[in-house]
Structure formats: structure tokens, C-alpha cells
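A.B. asks: Each chain, written out:
Number of protein chains: 2
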Amino acid sequence: MSQLKGACIIGQSGGPTSVINASAYGVIRTALDSGCITKVYGAAHGIKGVLDDVLYDMGQEDAKELEYLLYTPSSALGSCRYKLKDSAEDDSDYKRILEIFKKYDVRYFFYNGGNDSMDTCNKISKYMQSVGYECRIMGVPKTIDNDLFGTDHCPGYASAAKYVATTCMEIYRDARVYDTGMVCVIEIMGRHAGWLTAASSLANISGEGPDLIYLPERDFDLNKFVEDVKAVYVRSGKCIVAVSEGIHDSTGKLIAEYGAENAPVDAFGHKQLGGLAAYLANYIKGTMGCKVRGIEFSLMQRCGAHLASLTDIQESFLSGKTAVLEAISGTTDKMVGFERKYDEKGNYVCGIKLMDLTDVANTEKKVPLEWINREGNNVNKEFIDYALPLIQGTPDRPLENGLPRFARLKKIQAK
Amino acid sequence: MSQLKGACIIGQSGGPTSVINASAYGVIRTALDSGCITKVYGAAHGIKGVLDDVLYDMGQEDAKELEYLLYTPSSALGSCRYKLKDSAEDDSDYKRILEIFKKYDVRYFFYNGGNDSMDTCNKISKYMQSVGYECRIMGVPKTIDNDLFGTDHCPGYASAAKYVATTCMEIYRDARVYDTGMVCVIEIMGRHAGWLTAASSLANISGEGPDLIYLPERDFDLNKFVEDVKAVYVRSGKCIVAVSEGIHDSTGKLIAEYGAENAPVDAFGHKQLGGLAAYLANYIKGTMGCKVRGIEFSLMQRCGAHLASLTDIQESFLSGKTAVLEAISGTTDKMVGFERKYDEKGNYVCGIKLMDLTDVANTEKKVPLEWINREGNNVNKEFIDYALPLIQGTPDRPLENGLPRFARLKKIQAK
Numbered sequence: 059m060s061q062l063k064g065a066c067i068i069g070q071s072g073g074p075t076s077v078i079n080a081s082a083y084g085v086i087r088t089a090l091d092s093g094c095i096t097k098v099y100g101a102a103h104g105i106k107g108v109l110d111d112v113l114y115d116m117g118q119e120d121a122k123e124l125e126y127l128l129y130t131p132s133s134a135l136g137s138c139r140y141k142l143k144d145s146a147e148d149d150s151d152y153k154r155i156l157e158i159f160k161k162y163d164v165r166y167f168f169y170n171g172g173n174d175s176m177d178t179c180n181k182i183s184k185y186m187q188s189v190g191y192e193c194r195i196m197g198v199p200k201t202i203d204n205d206l207f208g209t210d211h212c213p214g215y216a217s218a219a220k221y222v223a224t225t226c227m228e229i230y231r232d233a234r235v236y237d238t239g240m241v242c243v244i245e246i247m248g249r250h251a252g253w254l255t256a257a258s259s260l261a262n263i264s265g266e267g268p269d270l271i272y273l274p275e276r277d278f279d280l281n282k283f284v285e286d287v288k289a290v291y292v293r294s295g296k297c298i299v300a301v302s303e304g305i306h307d308s309t310g311k312l313i314a315e316y317g318a319e320n321a322p323v324d325a326f327g328h329k330q331l332g333g334l335a336a337y338l339a340n341y342i343k344g345t346m347g348c349k350v351r352g353i354e355f356s357l358m359q360r361c362g363a364h365l366a367s368l369t370d371i372q373e374s375f376l377s378g379k380t381a382v383l384e385a386i387s388g389t390t391d392k393m394v395g396f397e398r399k400y401d402e403k404g405n406y407v408c409g410i411k412l413m414d415l416t417d418v419a420n421t422e423k424k425v426p427l428e429w430i431n432r433e434g435n436n437v438n439k440e441f442i443d444y445a446l447p448l449i450q451g452t453p454d455r456p457l458e459n460g461l462p463r464f465a466r467l468k469k470i471q472a473k
Numbered sequence: 059m060s061q062l063k064g065a066c067i068i069g070q071s072g073g074p075t076s077v078i079n080a081s082a083y084g085v086i087r088t089a090l091d092s093g094c095i096t097k098v099y100g101a102a103h104g105i106k107g108v109l110d111d112v113l114y115d116m117g118q119e120d121a122k123e124l125e126y127l128l129y130t131p132s133s134a135l136g137s138c139r140y141k142l143k144d145s146a147e148d149d150s151d152y153k154r155i156l157e158i159f160k161k162y163d164v165r166y167f168f169y170n171g172g173n174d175s176m177d178t179c180n181k182i183s184k185y186m187q188s189v190g191y192e193c194r195i196m197g198v199p200k201t202i203d204n205d206l207f208g209t210d211h212c213p214g215y216a217s218a219a220k221y222v223a224t225t226c227m228e229i230y231r232d233a234r235v236y237d238t239g240m241v242c243v244i245e246i247m248g249r250h251a252g253w254l255t256a257a258s259s260l261a262n263i264s265g266e267g268p269d270l271i272y273l274p275e276r277d278f279d280l281n282k283f284v285e286d287v288k289a290v291y292v293r294s295g296k297c298i299v300a301v302s303e304g305i306h307d308s309t310g311k312l313i314a315e316y317g318a319e320n321a322p323v324d325a326f327g328h329k330q331l332g333g334l335a336a337y338l339a340n341y342i343k344g345t346m347g348c349k350v351r352g353i354e355f356s357l358m359q360r361c362g363a364h365l366a367s368l369t370d371i372q373e374s375f376l377s378g379k380t381a382v383l384e385a386i387s388g389t390t391d392k393m394v395g396f397e398r399k400y401d402e403k404g405n406y407v408c409g410i411k412l413m414d415l416t417d418v419a420n421t422e423k424k425v426p427l428e429w430i431n432r433e434g435n436n437v438n439k440e441f442i443d444y445a446l447p448l449i450q451g452t453p454d455r456p457l458e459n460g461l462p463r464f465a466r467l468k469k470i471q472a473k
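So the sequence lines, in the order shown, correspond to chains A and B.
Letter by letter, the first sequence follows residues 59 to 473 of the working numbering.
Letter by letter, the second sequence follows residues 59 to 473 of the working numbering.
Derived by calculation from the structure, the hints in this document are not laboratory data.
It is possible that part of the hints are untrue.
In this list, chains with the same sequence are indistinguishable; a pair is considered to hold if it fits within one copy or across any two.
Stated by the list, open to error - Below, a list of computed lysine-lysine pairs in the BS3-like style, where the Cα atoms sit at most 30 Å apart: (1) K63 - K473; (2) K311 - K349; (3) K349 - K143; (4) K439 - K468; (5) K161 - K349; (6) K311 - K399; (7) K296 - K469; (8) K424 - K411; (9) K143 - K296; (10) K469 - K403; (11) K411 - K399; (12) K141 - K296; (13) K469 - K63.
Chain A extracted, bound-state conformation (with noise of 0.2 Å):
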């Protein structure tokens, strides 16, 4: 394959994750590094920087708060939420896209993001391929929901699963010190997929996690849920219970919705809604009478960099490096995706493979039902197996009075 000089950009997308920047670091380490990619741009807020022509020169960054990026949360170049049109439809976009890339010598491009981000990557590459603009097209993966079809696991999600099920352990020994009852409804994110939520269940390696987790691959129902946790709190006065914000009954209305249906209107005419978890604990505390508590894990299982996995950092930067060793030796149009493989000690191995872009977008990946208890109020040990050796190792992570360091960019923009 020939080697192809240009620049290249590298762009965020979709919620953020605590090692989104291992992966751009991944990418724009090794592009400054590389013999071919002449200038190496940060896209400010995904596709919009692109669109608004609000170009990072990363060349001028110090390599150092660079490198920082190994340790800070939350996309560093900006993120976005945008949803480009098909351009049969409307090609403005795409005809602005070219005109940057054409402005910039752009020949390679780099997109960090889920499922949706993995469609932009796809529809852009596919319009620069029918106007025979030379470009080189590739995906990094990123999300906490781990519903990234046809890889492994995706990058981000072993943080937020260390995150859970070490929240989840110090929760357990906080509601037991009591010798009183105690319910403790703890919702996590996922929508649609409950690998997230099912990380709560690593907790119960040591028996310090969830007694019951429902998980949205599953009906909900609430009185099956009223008498799961009547079980566990006649048994042990006590009952933790994980849930993902996700969960819906049998006609696939949210149970979240079940309290917003209740809720107050303020004074402006808007409802004050209280969450699923407060919900649940409420709607527990008036069937059992006794004393809940609704905990949300909120934002800070996406951001809690503190306690990301090293496996996961380590592999968030190979998915970038890769993206752009591939780019060069002429790949495009691919995702990279993760290989589970054993080594002959039959310790976990990630291994990397390249997905087609038009196979992974908008496609999302369940938690296998096999995976999931027959009473569907827990996960089982595949998942366990599966989930373990991911979240494995402690960053060294840089601090400065006592803190996290993260990283600070000059974000210089490029003319």
C-alpha cells in the first residue's frame, strides 16, 4: 500500500468516559510520531469543530500534558452529540467536511466515540470515497456501555466497572453497620444494555455486593421486585439492590417513567422528577415500611479516573495506536475491536481486530440472556469470568497537592 502524507484529525464524540483521552493519546502520540501524518489536529467537540473549522494544532502541546491524558477523564477535546444526515438527503455537511479537509490536507481521520460516532465515521467515509477524495477513515471505540457490537469489550467500560463494584463494596459495609434494616437501591447507567450494571456483581467475588441486580435485557416487574427484596431483607435484614436506569416492564415503558408520572409540577409548570433510584426506594419504603435509601452513581461512574482500571488505559491507547499504524499501512474504514485470547498459562490476552464500520454502527450488544439468572435478579459467573480480568491493575496516577493532575491543553488553533 502506498504511503499517504497529509494531515490528520482526531475527534471526540458521544457521552465521555475516564480513559476517552488514553485512546486519543493512542492516536495523537503516534501520529506525531509517524513519518507520513504531517500535522496532527484536535477536533473541538467532535464533528462540530470540524464543521465550525476549530482546529487544535496537538503539535504544539507539550509532550508531557500529553501524556496526561493518559490519566484524565472526560473527553479533552470536547465532545458532542451530533447526528450527521444522510447525505443523499442533505450533502451540505459533507461538502463542508471536504472543504476542511481539503483546507487542511486532511488525509486521515480519527473518530473516539460509540456506536453513533462509528455511523458518522462510516457516512463521512463513504462520501469522501464518492468524491474520490483520497482519505483514510478509522474508528476508536469508546463507551461505558460496553454496547459496541462485534468487539470483545470496548474501552471505557472496565473504569466504569471498577468504578461500580468498588462503590458497590463500600456501600455494602456501610449499610450494615446499623443493627437496624436497611434497603439500598442503587441505580447505574445503561439504557439499553446492562454491562454496567452487571459489574455490580464483582462486588460479590469477596460477598460484598448486590443482592439482587436487574439488568434492562430483562422485564421488570414491580412486585416481583417488591417480593425479590422482601426475601433477601426477612433473611438478612438487609438488601442491596443494583439497577439500570434502563429497566422496563413487559410493554417496554421505563419504570423510571413510573415516577415521573407522579411527580410534582413546580411553579414554572416542570416536573420535578426525583430518579428511578429514589423511586424504587421510595416505593420499597411504602409496600416494607422500613428504612431505604436511593443512591445514583450519576456522573461519577463515567469520570471516576481515580479508580480507573490499568488494563483498561493500557488498551484505550493501544485501540488509538493502532487506528493509526492501520491508518498508514493503508486501512480505512474500520473500527478497531478487541480479541479475547488466553495465553498457554490461560491468563487474559487482548488481542485487536479491525470491524467494518457499516457492521458496527447503530448496532448495540446485549448481556447474553445466558448470563442472567433464571429469576432475572442476578448475573452468573460467565459474566464474572468475562468481566474480571478487565478491570485488573492500578494506574500510577499523577497528582499535585494531593489531587488528581489531569491535563492542560494550550488547545492552540490551528489557521
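Add chain B to chain A, keeping to what the hints say.
C.D. replies: Frame of chain A; chain B shown alone:
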């Protein structure tokens, strides 16, 4: 002072912290290693364990498991919120305690807790003196609220402060990934004292903390709050707010109750509470129409041992150890407090002082008003100088399977 031979009891009381067990370990280890303490008993659920005659024989625990207490959050012996009556009013509890003390030949009593626990200590001590039972009684402080009178700071505060500051920095990054507006309201523990909420300001050393910080030491005005948020939001498109759960208006009414008043009543007639953060976030959404998020640090801030301050762990251990050594050497009726010192290089050093239980019990220490800015929406450098040395140091916490390895006590009941 004569050497007093006999057993000791250590009990834990009140809300737990990340390092309350480091204090307990200071007591247990020192007592086990002492010559004159014949037996070391852990009371199950604080003073309730004494009243119920449920004492664990700490001498039968593995030394290694006891050492893990340094890194194990939440009262390992169990806690309680039991308040002793005045003995003049009803002395049945005291008679029972005396009976148990005699049964086990208890001559040392160490109580690990906050204001109420110091009150318990004090009452028991006065009673034992009144009936002529020789027993040395020492208070070992703990509280994330940092509100104990007379001591520079309290074991448990710094670790919670480190959790708050670190997490605020991560949320700051997360809240900035999109180029759209965002107001984030973070609710932090502390009903009467704002120490822990003030700790969010440590995140501002690197400019990655809340824009606005509201403590219960100052009256809170909802209209002023909206004006404050608007001013920041107009300037930067983002606004992060930290509020103490105990903020109240000028009549003393809790802002959290504002939301409760309008809370919907569920099928069982119970009010569905969404929490202060949710209330304020919804209120901002109503007045400003922007994207909002309410976040509650909930139990995580007091059990987040994975972010414990090494300084806090060491000082907590020291307070427990000092209590035992002092009691052995004849001291009684004191709480171990901290005194701030500086070495010749100006570095913070923790000094020890002993305080009368009578003075400590039931008095609350608040954030000095002169450490709060004139607007009442932030704290100043005096607070930073005070809190920063306390959060320093990262412990080498034990892990198993990439997750915390907490102490697993056998809890063998004494006969």
C-alpha cells in the same frame, strides 16, 4: 499513677467514616500489645453490644485481618445511634453497663464516635465514678462532619474531603465536554457545619472546582442563589454548585424541606422525596430553562475508602493508640484531640492534645464566618490552608482481584 490491670472494651458509634476502623485498630493493636490490658473486647454495635452482652474477643482475630482495618471503611464492629438517658432520670442502662464491666473485669473503655458518643463516654464515666468502680474512659473521635469542638480537625474528615474534592474535579471535566450550557448542583453531607462542603473548594486550587459553594453557616436565599448561578452561567455557559445538605433560609427552615412540601404522595400516603440537589436543579431548570443535573454524593463520600487520605489514616490510628497509652498511664475522661503545628520548614505536623469529655460532648464547631466570602457563596484561602495538608498522602491499600480487600473479622463472641 498505679497500673490498672483488666480488660478493655472498644465500641464504635454514630455515622461511619472511611477511617473509623483505623482508629479502632489503633486501640485494638495497642491494647493487645500492652502489658496490663488482659483482654480486648469489641462491642457489637457500640454501647448496644455492651447492654446486650455481645462482645467480640479481638485477641482471637488474625493479626493480618486486624491490620486490614486500616483500609476498611464503615464501623467494622457495627455502630449504633443509642443515646443514654441521664442516670438521675433512669439508671437502668448504667447498672447494666456496670454489670457487664464487672462480668468481664473491664477497666478500660474506649468509645469511637462523634459528639453524641463523647456524651455517652462522659455519662458512663461519671456514673462509674459515682459508684466507685475504677475504670478509665477515653473518647476516640471520628466524624466526616469535622464538627467536634476543641480539636483542630477530626479523624474521618480529611478522607471524605479528599473524596469530595477529587470527585468535584472529575465532574468539572465531565460537565464541560459539550459546548452546550450545563448547571450541576452537588449535594454534600453536613447538617449544621459546612466543613465537608467547603472541601469542594480544594478542587479550585487547579481551577477545576465548583463556581459556587453554599454552607449552612450562612442563610440561603433561593432568589440570590438563582442570581449567583445566572451570573456564572452567562459568563461561561457552565455552572457547578456545591451545597451542604443543611442549608436553610433566614427563618432556619431547611431548603431540602422546600422540595419536600411539594413532593407527591405515593399510593401508600408517603411523600416521595427527590433530595435537595434534585430540588435545586429542578428549580434552576424552571427559572433558567437550561440543562441541569442534581448529584448527591450520598453514602459514597463517607465510605469511599479507596480515596482515603494517608494522613487521615495515620492520624486516626494515632488517636486510637494515644487513647490506650494515655489510659494505661492513668488518664481518664478525655477525648484525644489534634493540635495543628508546623515544623521549622513550615510543614504541617499533627500534635496531640487531650480534652475534657464534658467540653466536647454536644458542642458543634462550625466553619468560621470569616472563612466564607462576603457574598456567602464561596470560601477563602484560610480554608484551603487549613484543609489542604490533611488530605495528603495515598495509602498502599490492599487489593484482591483488582478490588478492595477489606478486613474479614471472625467476630468470636466472648463468653
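A.B. asks: Please go over all the hints and tell whether each is borne out by the structure.
C.D. replies: Consistency of the hints with the structure:
no. : hint        : in the structure
1   : K63 - K473  : within (19 Å within a copy, 81 Å between copies)
2   : K311 - K349 : both (27 Å within a copy, 24 Å between copies)
3   : K349 - K143 : between (50 Å within a copy, 25 Å between copies)
4   : K439 - K468 : between (46 Å within a copy, 27 Å between copies)
5   : K161 - K349 : neither (63 Å within a copy, 35 Å between copies)
6   : K311 - K399 : neither (39 Å within a copy, 60 Å between copies)
7   : K296 - K469 : between (51 Å within a copy, 19 Å between copies)
8   : K424 - K411 : within (20 Å within a copy, 58 Å between copies)
9   : K143 - K296 : between (51 Å within a copy, 29 Å between copies)
10  : K469 - K403 : neither (45 Å within a copy, 38 Å between copies)
11  : K411 - K399 : within (11 Å within a copy, 58 Å between copies)
12  : K141 - K296 : between (45 Å within a copy, 23 Å between copies)
13  : K469 - K63  : within (24 Å within a copy, 69 Å between copies)
The structure does not agree with the numbered hints 5, 6, 10 stated previously, though it agrees with the rest.
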